Amino acid sequence: MIFLLPHAIDEAAERAPEKLAMRCLEDTLSYAALSERSNKLARTLYKLGVRRSDRVGIFLHKCIEIPVALHGIMKAGAAYVPLDTAAPTERLVEIIRDCGIRHLVTADDNCAVVAKLSEMTEIDSVIGVNASTPLGTGITIIPWTEVDAADGATTPRIKILESDLAYIMYTSGSTGRPKGIMHTHHSSLSFSRWAAHEYKLQPDDVLSNHAPLHFDLSILDFFSGAVAGCSTSIIPEEYTKLPASYCKLIADHGITVLYTVPFALVQLLLRGSIEKHDLSRLRWAIFGGEPFPLKHLRELMRRLPHVRFDNIYGPAEVNGVTHYTVEPIAENADAIPIGPLARSAEGLIADEHDEPVAQGDIGELLVRTPTMMQGYWARDDLNAHAFYTRRRIDGVDETFYRTGDLVREDGRGMLWFLGRKDRQVKVRGYRVELDEVEAAMVIANNVEEAAAIAIPAVEGSQRIIAMVTLKPGTDESALESLVRHARATLPAYATPSEIAIREAFPRTTTGKIDRKSLRDEALFSAAQTSEQRGPRA
Amino acid sequence: MKSEEQIANFVIQELLDGRTVESDENLLRDGFVDSLGMIRLVAYIEESWGIEVPPDHFTIENFRSIDTITRYLDRALGERGPSS
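Residue numbers (the working numbering), protein chains in the order written: chain V, 1 to 537; chain Z, 1 to 84.
Same shape as in the complex, but just chain Z (with noise of 0.2 Å):
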């Protein structure tokens, strides 16, 4: 599974009890994902791909949307190097 569609399952599943979203759709605004909803994605991500996730990349711009969660799952794997 592309790591997009992973992360939109999660979200979707078990932060959103099953209502759809878009991927550049804003998680973060009212009734959507709650702050105890974004600790745990973060601590879904870290255990699925095992990074970690520092506090400082905790943001707004980074975790705004499954896109931008994407697109900083990918820069963290590259910067990891290929998996050996």
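Extracted from the complex, chain V is given alone in its bound form (with noise of 0.2 Å):
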């Protein structure tokens, strides 16, 4: 019986050894391998002193050991969590404090960086970097070539249950301070399943992983194709961000389910040579994580006839709970439905005392469903707000996960996605608090105050402009140590595209500042530019 994550790839093992379950590239591993050398990985984990409900952190570039790491952690009855490598240092040295990571699974590229987290961490073993890599007294180095020749084979005899972490995935929040969404194997493996039902996953087919670990489409392609037994394809970053190899590796590699965020499949559109690469073979392109801008979807569908496009609409917390296959679009529509609710999933449209809205009428989004998590990692204080329990029946306790977007019922089931109830925002799929960006700037020494803003990008998605106010005495040129400390102090999508000094923030009647007339600002100074650029062929 399946239960825990890596029961999946176990029984897809012993059902078919051979058939592939992942690739990098040239890099392959079949199912049996797979299964073997993340058992092996579990054996290492728990020599070196890993136990049941331990936090251990991957941190590593897209390659064929992302998958060994996943499953070996979880064999190992630990929770993996993913380290963003593009992060500034001291966010990854906050996130390894937070949740107490003394394990890390690595490889040599990221040496430079893990000397310094070893320093200011309490990580004392570090797996999968060459042995003689300088890492500081104490801690222990395990390199691959060690880990596969471990004792045994065979998964190591863990008490492990489906309520246990699987893993922790750390988000924005908005005082600056990361949050780890909890999952457990039961959240995450309802949700692995429903998908692989959803889109009727077969043996045959090829998913591919585009999204970055830390981030929670990769859910679903790790884990729904472990499921169902097919293969997936990792793609390395640097694919991600040239469409026209990118396209040739959906091609090349005959990926059958794409799923990832609008920005990546409008790059795909733009500048992917889609004419020029035989994509017959793709079926379901699935996108989330933020809206499709409508023009660009509609083209993309003209382009690419045979493949369905469905959008799964969910905030990390839960996973996915509603999803809408893409019916063409006419040419006046402005929106397109998220779906319905999965069947498996209750909602709840509540105003602000909790209470349902008519039907029909715009309220927050609360949800109930076996794939939400557990909770955030050690913080009460968010734990208190983010679910809404009700008690139908005495005795039984109903919970609820309140998703803070707008929506609104339409009668047939089909909810609308209108907005949020807070600032959170979405840059190429990833949530940033604007809040979090203005607390980040605040703390550089020269500024003030500072406002942060978000305006649709030319592309689709949208980009973040922070305006500051500088402390009396500093002079202009603090510009370059702003950008600089952004950088340094936030994720890179989430670090301004521009960063404006002002001599005053326009204010509310209430003496706030009026964040609403800097947007219109920057809206109509955007809109210029544009104009004057002229449209580009």
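Just so you know, these hints were derived from the structure itself, not from any lab.
All values reported here derive from a predicted model rather than from experimental measurement.
Cβ coordinates follow ideal geometry from the N, Cα and C atoms, glycine included.
Some hints could be false.
Claimed, not checked - One-sided excerpt, in silico: chain Z residues whose CB lies under 10 Å from chain V: (1) Asp30; (2) Gly31; (3) Met38; (4) Ile39; (5) Pro54; (6) Pro55; (7) Asp56; (8) His57; (9) Thr59; (10) Glu61.
Claimed, not checked - The following label-pair restraints were derived from C-beta to C-beta distances: (11) Z/Arg71 with V/Lys276: 18 to 24 Å; (12) Z/Glu14 with V/Lys421: 35 to 41 Å; (13) Z/Glu14 with V/Phe524: 23 to 29 Å; (14) Z/Glu4 with V/Ala112: 24 to 30 Å; (15) V/Pro203 with Z/Arg40: 38 to 44 Å.
Mind assembling these two chains? They're in different frames, but the hints should get you there.
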């Protein structure tokens, strides 16, 4: 019986040991090899002292060792914590300290950063690097060759329940402190099974992994594929930046199910040379993370008529809870629905008192679903607000997650996404809290006050603009140091594309910074710039 | 200014906020140039040298490092022939 995520690969290995499980360019792993290598990693971790419910970090660029790390850590009974290889070191340190990571799975190309991390945290063992790597005294180094030579190839006998933690994914917090979303084997497997069923995944399907590991889109890529026994192609970062190379890889690897953010699909459309590549095997293009600009979606559907397009909606806290297979989009349409709730999920569209709104009215979406997180790691303050519990029957509590998303139901069971209750925005699918950007700017030495806004970017998605006023006596050359400060403090996707120094901020009648008028100003000046430049061919 | 130097200047000043990079270093790896940065780089090359970079030339092989970009640009300018 499958009740833990790694069971999916172990069962596939029994059914079809030689079947290709994962590939990353030329590197491949059959299900048998993936199962065996992850068993050996689990045994190695156990020997190092990793125990049930411990947290083990994964700090890897896209490579074939990623699935080995995911399953090996979970087979040891621990939860994996993906660390963004593009994040500033300070942010990584904060996460490692927050959830008490002492073991790290990484690779030689990250050594310089790992050396810094090991100095600044309690990390005491590093797996996956060359034994001669200088990492400071007292740190145990285990290269992959040693992991793969570990005694015993079977799954270590460790008690693990489906309600145990499987992973913690860190995301933006509004105060600037990242928060860790905790998922169990049960919540993640519920979602993986749902997707495998919904998209009718078969062993001859080829999935891709485009999203980084710290982004929840990766859950479908790695685990739905395993549940269905199909292959997954891991796409290295550099392919995701050059659409023509990305498109060629989709064709060459025969990818049948693509799951990514709208931004990447828009890039494929505009710069992927779609017509020069054979994409005939592709049957699903699934997107999530943020709304798809309809002009581009319509065009992409016209260019790829044999592909079905599907939008999964759901914050990382609940994986996915609705999906919508896109119907032909009318010329005058300005939005598409996010679809009906999954059959296994229950929704409540509520007002600010948690009372259901009238049919057709706008409210916050609260959801109750087996795919829901356990909570935020060690954040009772956040957990107190994140959930809503009601008692319908004596002694039985029903717990809903508050999504913070405003929706409307149209009478046919379709939900429409209408925006956020708070100041969270999406940049290329990533969640960014504008409050976090402001908090990051204000801690710069010379900044008096800061405001962050988001405006639509030319090719879909949004871009962030930060505006600051300086402390008296600071000279205007501060801009350069502010740019450096932002890069060193915020993850790349949350870094403002523009920082502007202002004399003063416009104010509302209550004396607050008038962010709406700042945004209007920015929209106006963006429109003027694009007028001057004229349309690009 | 030689084209290599001009490309390096743009990458360092505009895309890497002054951080230095070797001419054979992989610009595409994490924490360096992101996808929007690559789009800006192409726009800059098109504008500065008056050429058009067709989408199917916008690949890893051509845009991995300052060296490969310079070689690509030299080829593209060579194909266009001497400017009048």
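Hint by hint, here is what the structure shows:
Residue-level restraint check for Z/Asp30 holds (minimum Cβ-Cβ distance to chain V is 4 Å; threshold 10 Å). Because the closest C-beta pair between Z/Gly31 and chain V is about 4 Å apart, less than 10 Å, the hint holds. At a threshold of 10 Å, the smallest CB-CB gap from Z/Met38 to chain V is about 5 Å, leaving the interface hint in force. With its C-beta approaching chain V no nearer than about 8 Å, Z/Ile39 sits inside the 10 Å limit, and its interface hint holds.
For Z/Pro54, the shortest C-beta to C-beta distance to chain V is roughly 8 Å, which falls under 10 Å, so the interface hint holds. At a threshold of 10 Å, the smallest CB-CB gap from Z/Pro55 to chain V is about 4 Å, leaving the interface hint in force. About 4 Å separates the beta-carbon of Z/Asp56 from the nearest beta-carbon of chain V, less than 10 Å, and the hint is met. Because the smallest distance between the Cβ of Z/His57 and any Cβ of chain V comes to about 7 Å, under 10 Å, the interface hint for this residue holds.
For the restraint placing Z/Thr59 at the interface with chain V, the shortest Cβ-Cβ distance is roughly 5 Å, inside the 10 Å limit, so the hint holds. Because the smallest distance between the Cβ of Z/Glu61 and any Cβ of chain V comes to about 8 Å, under 10 Å, the interface hint for this residue holds. Distance hint for Z/Arg71 and V/Lys276: a CB-CB separation of about 22 Å, consistent with the stated range 18 to 24 Å. Evaluation of the 35 to 41 Å hint for Z/Glu14 and V/Lys421 yields a pass: the beta carbon distance comes to about 37 Å.
The hinted range of 23 to 29 Å is satisfied by Z/Glu14 and V/Phe524, whose Cβ atoms lie roughly 24 Å apart. In this structure the supplied range 24 to 30 Å holds for Z/Glu4 paired with V/Ala112, their Cβ-Cβ distance being about 27 Å. Between V/Pro203 and Z/Arg40 the beta carbon distance is about 42 Å. The supplied range of 38 to 44 Å therefore holds.
In this structure, none of the earlier numbered hints is contradicted; all agree with it.
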